[in-house]
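Novice: Listed here are the chains, written in short residue letters.
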Amino acid sequence: EDQVTQSPEALRLQEGESSSLNCSYTVSGLRGLFWYRQDPGKGPEFLFTLYSAGEEKEKERLKATLTKKESFLHITAPKPEDSATYLCAVNILTGGGNKLTFGTGTQLKVEL
Amino acid sequence: DGGITQSPKYLFRKEGQNVTLSCEQNLNHDAMYWYRQDPGQGLRLIYYSQIVNDFQKGDIAEGYSVSREKKESFPLTVTSAQKNPTAFYLCASSRKTADSNQPQHFGDGTRLSIL
Numbered sequence: 001e002d003q004v005t006q007s008p009e010a011l012r013l014q015e016g017e018s019s020s021l022n023c024s025y026t027v028s029g030l031r032g033l034f035w036y037r038q039d040p041g042k043g044p045e046f047l048f049t050l051y052s053a054g055e056e057k058e059k060e061r062l063k064a065t066l067t068k069k070e071s072f073l074h075i076t077a078p079k080p081e082d083s084a085t086y087l088c089a090v091n092i093l094t095g096g097g098n099k100l101t102f103g104t105g106t107q108l109k110v111e112l
Numbered sequence: 001d002g003g004i005t006q007s008p009k010y011l012f013r014k015e016g017q018n019v020t021l022s023c024e025q026n027l028n029h030d031a032m033y034w035y036r037q038d039p040g041q042g043l044r045l046i047y048y049s050q051i052v053n054d055f056q057k058g059d060i061a062e063g064y065s066v067s068r069e070k071k072e073s074f075p076l077t078v079t080s081a082q083k084n085p086t087a088f089y090l091c092a093s094s095r096k097t098a099d100s101n102q103p104q105h106f107g108d109g110t111r112l113s114i115l
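Respectively, the protein sequence lines represent chains H and G.
49 is the number that our numbering gives to position 49 of the first sequence; each next residue is one higher, with no gaps.
85 is the number that our numbering gives to position 85 of the second sequence; each next residue is one higher, with no gaps.
Isolated chain H (complex conformation) (with noise of 0.2 Å):
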């Protein structure tokens, strides 16, 4: 069976001190790997898509990269207003067509 598994649960942070999300999955026929940002009450705000191993994407202070196995969402020197829920997901070929399967998320808290 397919499956999506974001660490940790949660994660709380000094303004400043860097850390990284991780994102491992098992799953045949991987298209590709999307990373998203999730605050309260709102819809998954997309990031980057990863589609092979070895492959780094970067944005202001997150870099995502992509192993055969996993991904991790590096975040570097975090600020409060990056507080919120990343959600992982990964593109998966199927008989229906493609279809994203979703993690249950990282909710990170940035303090001052």
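Think of the hints as simulated: they come from the structure by calculation, not from any bench.
All the pointers check out, no bait thrown in.
Reference excerpt, derived from the structure (chain H facing chain G, CB under 10 Å, subset only): (1) 6; (2) 31; (3) 32; (4) 34; (5) 36; (6) 41; (7) 42; (8) 48; (9) 49; (10) 51; (11) 100; (12) 101; (13) 104.
Source: prediction; values computed, not measured.
C-beta: ideal position from N, C-alpha, C; glycine also.
Place chain G on chain H using the hints.
Specialist: For chain G alone, coordinates are given in the frame of chain H:
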């Protein structure tokens, strides 16, 4: 600005009642999706549509119905057969390209509760 509009933001359903959630996009995207989000669970796919007048069941389609009469619109009806409808419902859309590996873009959701 282009985007996805979901309405209403909050919705209450009485027992035995059907309710319809609206989703409209002006991104000129071909594909549209409905997800359900519950606390502690990942987003789960209810229905999706890759073209007008065609749609497919997702992982949890029982108790739900959809239509796709226009490219811009993909309404979701939560029927009385859905016994646990309380959740946050998210609509998404994406471009349909040859490799179909485009990111999905989401609306801001509708929170449905039972009276």
